[in-house]
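Novice: One line per chain: the protein sequences are A and B, in this order.
Residue numbering for the first sequence follows the working numbering, starting at 1 and increasing by one per position.
Residue numbering for the second sequence follows the working numbering, starting at 1001 and increasing by one per position.
No wet-lab data here; the hints were simulated from the structure.
Careful: at least some of the hints might be erroneous.
Stated by the list, open to error - List time: in silico SDA-like cross-link candidates among lysine to any residue, alpha-carbon distance up to 20 Å: (1) B:Lys1242 / A:Ser2; (2) A:Lys109 / B:Asn1374; (3) B:Lys1242 / A:Arg414; (4) A:Lys109 / B:Glu1094; (5) A:Lys187 / A:Arg414.
Since the structure is predicted, the reported quantities are computational estimates derived from the model, not experimental observations.
Protein chains: 2
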Amino acid sequence: MSLIEDLGVRAKEASLKMATLTSQAKNRALEEMAQAIIFNKEEILKGNQEDIKAGNESGLSSALMDRLKLSDERIGDMAQGLLEVAALPDPVGEIVDGWRLPNGLEIQKVRVPMGVIGIIYEARPNVTVDAAGLCVKSGNAVILRGSSSAINSNRVLTDIISKAAEGSGLPAGCIQLVTLTDRESAKELMRLRGYVDVLIPRGGAGLIRTVVEESTVAVIETGVGNCHTYIDAGADMLKALKIVVNAKCQRPGVCNAMETMLVHEAVAEEFLPRAAEALGERGVLLKGCERTMRILPDIEAATEEDWYKEYLDLILAVRVVPTLEDAISHINTYGSKHSEAIVTEDYSAARRFVNQVDSADVYINASTRFTDGNQYGLGAEIGISTQKLHARGPMSIRELTTTKFIIYGDGQVRS
Amino acid sequence: MSLIEDLGVRAKEASLKMATLTSQAKNRALEEMAQAIIFNKEEILKGNQEDIKAGNESGLSSALMDRLKLSDERIGDMAQGLLEVAALPDPVGEIVDGWRLPNGLEIQKVRVPMGVIGIIYEARPNVTVDAAGLCVKSGNAVILRGSSSAINSNRVLTDIISKAAEGSGLPAGCIQLVTLTDRESAKELMRLRGYVDVLIPRGGAGLIRTVVEESTVAVIETGVGNCHTYIDAGADMLKALKIVVNAKCQRPGVCNAMETMLVHEAVAEEFLPRAAEALGERGVLLKGCERTMRILPDIEAATEEDWYKEYLDLILAVRVVPTLEDAISHINTYGSKHSEAIVTEDYSAARRFVNQVDSADVYINASTRFTDGNQYGLGAEIGISTQKLHARGPMSIRELTTTKFIIYGDGQVRS
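Could you build all of it, start to finish, from the sequences and the hints given here?
Specialist: Next comes the structure, spelled out in structure tokens:
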């Protein structure tokens, strides 16, 4: 049996026990995990230092180095995150639906854990702790597979939290890390049918595509956000300005930031110069369609490729559209089905936009930056699903569960 | 562009229009489809005759020939099925959840169609009409891919129902058939990401495995049923006899029939001879473990392989288990996570069984044969999911939908 398969067997065994734990037992484990993180801070920082050193030597980009680096504060945040997850209501055991059949059978549809969840993720070591906490709370066993650049941090963290969890009574194998960081071990994890119930990739577009292509285990796609804001003919110009500046600039490197702005031709002459000024002040580079460039002649030209791009940077593609329908069609053609907004005071335009745009999160008169489990009030987030199966939009602990039908009979048989 | 990709493009276009249809428009289309089937009965029978002839020539098994063969009655049933689907409540537009955030944003989670659904299925031509009807009702475009043995029947049926649907105002491309029946075209359909939102394979274990392995589109696994009935120490013997006879014999060739019977050692001496007699009278061949054979010395020995088998026939594997836990562990090890039953009057045993058995449908004192969308009162069934993602157990039109977050704002931005 390979190392990965062995992890799978242990996780599967653990998952059957995890599924029957009380909320109290899970919360106690989360609290012990939080304490253990604080208590072992020095050890965590030491492991992290090894990754930082290796990252410096291999010339990791400063953005990646920033994500990798742990501090007292970040370690405190991880522990705090676990306590917040402990405070969330337990989704397991909820009776989602139920009814009685004419023959007297009583059917209950009950929320239960998924079983074994695999998380494949990139640089940030805090994902190790966050994901483990959400899986514990939702009664799942978890197999974590981080990137090689964070392997020492992840190893120390997993060691600490899994010991704390098991020490408080959780089954052995409930939290495990894939310590191999080669491609083959990742592929093996993606094909661990029968042991892993669902895989969630968290990271860039490349990682997500690989997991979707290679995996025979069910996958929840997350994250890639080519988000649009459409300024309608009926837009309030001040709201529009405030929203586009926020959607583009408040934090440009994340998936819910705006990447393309669409402007109705009726307001383009009025709106574009003002938007260009406000965005320009904040260092945003604009790339426009032909009609945009007639109004803003000094900006760069956008190519067909730009409409597909998730810049994750202070760059914005801009297109003037003749109608609302063209805006909707642009979004449905080039978008990644994440988050889109219309700015308008026109009731019918707003209604058409939300009904016809085929994305997970569709806004009227608000910034797309709100697409986030914490912002939505879900308490925590394991990722943002851009697929339609199982979950769509921000996912929290409820999305880490499935349901089971329980049927209560008195000897009924089928005739 | 290949033929399959072309189907995908047309389906995607159609799906955006399907999503905004009223229930009235969809029900009218379903009624027109039903009428068209009755009106074109002769043409359908003629197409079916060609498949029957080809099947005879290629030596198709009599079981397959029976599934393939259409009659006046079966054609009437198809039309009736469409009318029953029209009578179901429309799942699209349901507000599943909703709340207001502290900043005034109002969030609605609304039920919307999946988009494009691909169905890959075997012999039965009625699946063509059933699946198309369920997809229309749930506002989806559908791409159907039946087997080569039914290609003429499927072609005539799709032609008739798609014309009727489009004639009543549904968009072109809402119901399409893959007319190529080679393996390559099926594989291409399984990799049509961006056009197909979910694939549902309906058929034998081999077909389902292929789709899961090859597909890069999200898949809902259906159907394989290695179902168990466990006779507990606390079982009522009469209920137990009635239930096992029903679960095994009422229709042995279907996924919710019992394949293995587990018997607690405390009641094995009393129960097994009576069960063997009742099952034997109905022609059931028993294959037993060592302990079973000590009580029933004349039956065949079961091998390790038998515990995994979905016989779909009048064959039953039998095992004596020392404890309830052993029964649960046997089911979780060898089962296919479909339907399992415990027969007991013991409250705690029943509770442990339903909580610890990791299957889609778990029964107390009833036959597993009830696992079915119609039996559950869901009105119709597209399949029975044995996976945990998205849907688990019998799936109806609601399971052909997803949700979308709609967020109503007044200019909110994130700080």
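Novice: Decide, hint by hint, whether the structure agrees.
Specialist: Hint-by-hint comparison with the structure:
Pair hint lysine 1242 of chain B plus serine 2 of chain A does not hold up; C-alpha atoms about 46 Å apart against a cutoff of 20 Å. Between lysine 109 of chain A and asparagine 1374 of chain B the alpha-carbon distance is near 16 Å, which keeps this suggested pair within the 20 Å criterion. Note on lysine 1242 of chain B and arginine 414 of chain A: the hinted pairing holds, with a Cα-Cα distance of about 10 Å set against a maximum of 20 Å. Of the supplied pair hints, the one linking lysine 109 of chain A and glutamate 1094 of chain B holds, its CA atoms being roughly 19 Å apart against a limit of 20 Å.
Annotation: proposed proximity of lysine 187 of chain A to arginine 414 of chain A is violated, straight-line Cα distance about 45 Å (limit 20 Å).
Comparing the model with each earlier hint shows violations of hints 1, 5; every other hint is respected.
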